[in-house]
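Chains as they are written, first to last, in my numbering: chain H, 1 to 297; chain G, 298 to 575.
Keep in mind that a hint or two might mislead.
Claimed, not checked - Here are the simulated DSSO-like cross-link-like pairs (lysine-lysine), alpha carbons at most 27 Å apart as the crow flies:
hint, chain 1, residue 1, chain 2, residue 2
1, H, Lys8, G, Lys478
2, G, Lys346, G, Lys398
3, H, Lys8, G, Lys463
4, G, Lys428, H, Lys208
5, G, Lys368, H, Lys60
6, H, Lys54, G, Lys346
7, H, Lys10, G, Lys424
8, G, Lys333, H, Lys216
9, G, Lys346, H, Lys15
10, G, Lys346, G, Lys333
11, H, Lys105, G, Lys368
12, H, Lys105, G, Lys398
13, H, Lys10, H, Lys105
14, H, Lys105, H, Lys54
15, G, Lys398, H, Lys10
16, G, Lys561, H, Lys54
17, G, Lys398, G, Lys333
18, G, Lys424, H, Lys15
19, H, Lys10, H, Lys60
20, G, Lys428, H, Lys10
21, H, Lys15, G, Lys304
22, G, Lys398, H, Lys8
23, G, Lys478, G, Lys463
24, H, Lys216, G, Lys304
25, G, Lys368, G, Lys428
Hints listed in this document are in silico derivations from the structure and should not be mistaken for laboratory results. This one's a predicted model, so the numbers in the text were calculated from it and none came from an experiment.
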Amino acid sequence: MDNNLTSKLKYREAKLGYLMILPLLTVVLVFIILPVLGTFWISLHRDVTFIPEKPFVGLKNYLRVLSAREFWYSTFVTVSFSFVSVSLETILGLSFALILNERLKGRGVLRAIVLIPWAVPTIISARTWELMYNYSYGLFNWILSILGVSPVNWLGTPISAFFAIVIADVWKTTPFMTLLLLAGLQAIPQDLYEAALIDGASMFERFKSITLPLLKPVLIVALILRTIDALRVFDIIYVLTGGGPGGATTSISLLAFNYYNLGDYGIGSAISILTFVLVLSFTIVYLKVGRFREGLK
Amino acid sequence: MREEVLKRILLTIGAILMAIICLFPFIWMIVVSFAKDPTFLGSPLVEYKSTLENYVRVLSDPTLHFPAYLKNSIIIASLVTLTTVSISSLAAYAVSRIEFKGRLLIPIFVLGLSMFPQISLVGYLFKFIEKLGWVNTYQALYFPYVAWTLPLSLWILLSYFSQLPKDLDEAAMIDGASRIKTLTTIILPLSAPALFSTALLVFIAAFNEFMFALLFTTDHRARTVPVGIALFQGVHGEIPWGSVMAASVISTIPLVIMALLFQKYIVSGLTAGALKGE
Chain H
1 MDNNLTSKLK YREAKLGYLM ILPLLTVVLV FIILPVLGTF WISLHRDVTF IPEKPFVGLK
61 NYLRVLSARE FWYSTFVTVS FSFVSVSLET ILGLSFALIL NERLKGRGVL RAIVLIPWAV
121 PTIISARTWE LMYNYSYGLF NWILSILGVS PVNWLGTPIS AFFAIVIADV WKTTPFMTLL
181 LLAGLQAIPQ DLYEAALIDG ASMFERFKSI TLPLLKPVLI VALILRTIDA LRVFDIIYVL
241 TGGGPGGATT SISLLAFNYY NLGDYGIGSA ISILTFVLVL SFTIVYLKVG RFREGLK
Chain G
298 MREEVLKRIL LTIGAILMAI ICLFPFIWMI VVSFAKDPTF LGSPLVEYKS TLENYVRVLS
358 DPTLHFPAYL KNSIIIASLV TLTTVSISSL AAYAVSRIEF KGRLLIPIFV LGLSMFPQIS
418 LVGYLFKFIE KLGWVNTYQA LYFPYVAWTL PLSLWILLSY FSQLPKDLDE AAMIDGASRI
478 KTLTTIILPL SAPALFSTAL LVFIAAFNEF MFALLFTTDH RARTVPVGIA LFQGVHGEIP
538 WGSVMAASVI STIPLVIMAL LFQKYIVSGL TAGALKGE
């Protein structure tokens, strides 16, 4: 009898549990899972707006995309953008975090200032950089003119446009990196440094043998979160160059977007799914690294 | 001792550089927003004259639609924040406190979802929104934004709820309170800081979203701030930089003030969301 009552109560509890996660699951199923599956389904069809027939073509769209140079070029742009951007963010973010971790006059103000780029919406920061890169009345060419250097067409040549995008992105995303690394730094016990100081270790030695190894787990998480995010880059490129000049800075997300704009949903969807595959491969590396760390513990 | 001095000097230089790097684009935005002629750096003949004209224009010129963008963004972001925080509080409570099969899979499943690139949804989502007749409506952005902000929100709240002792609930339930009552009268008030930082992060994410907003709105009256500012154009196709920067300042200042005032909450939310999820 008593047993029966507990199992009844347990059943009611479980039912309540499911009810409480139901809203979350519903929204996520309808507006994330269904769209991803739907996009995959579309990618298996020849699907062009204004042509009513949408015949099933299997993997043909993927074959077409994978044999096109523009796809590989965009993948190259996206991966190199992610690599350069995340590397610079890490170096800058680590420097910022090290500074903010010191007892320094005005540290509170500095911590506030470092958040500002994070708080500026990506589109708005991109537009501000676009103005600063302007050939005839931008801030950078004005500084060059004071230094007596001839102006640069920042967004007009493939290489300079690539780095212009990287710099604007690094500015926007460094705060996130800084905050994560600062949290990591603050978790390092202070007495380790004091002991090293007594042993006469120099500043650089202390950094190399205490800070870096103990910061590594947080650093890896931060690196991978940022890489996954950078591989999906869209907004900043859309505003700064629109993928130009001549398609030189078109990321994969932007390439897919361009096909949607042309009304070719089949090809656009295939590229979108391949973007997901690219991010997924990095995520798997992420999970592997995570497990590797658990093994160490 | 010499090392200590060297360190101080390096730190001071570093701190000054850091402040300059973080601030100059933001300051430049403000400088140009007050410029009578935004091309003042282009020619020695044009002088910098400050004016409020750009602000007056973006707020009153009906062809720029800026007040409508601002209104849409604020309404959508507020509704999304309210919904996301409610839905994820319920879910975080269930996962952290109620025994049911598969509950531990929920956070991992949701975390996995945040790996999807936005572009991998839009092929189908666009057709879906069109079929529902939602293009240019609030719900076209509202629902995708709620779904999109749920993972982060769930993770922050879950890591907070799990730290609260379970005795709290048990004591309340012995007194006859239901689960829902325990959640609303005990857990939520105790979690105010976590709820607040979640709400801030969700609001900012929804306010800033660009790709969905670009695709699901075609009418000026339905656009949000990021889309409006990205597509701002003068009558003759030139970019009205003064207006663009004034609109940028108006939209950014509240966010920056929020970030500065509630720095602590934002930092704890960002680091909890990221590092607890490792």
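**Message:** Check the structure against each numbered hint from earlier and tell me which ones fail, lowest number first.
**Reply:** Hints 2, 4, 5, 6, 7, 8, 9, 11, 12, 13, 14, 16, 17, 18, 19, 20 and 21 contradicted; others consistent.
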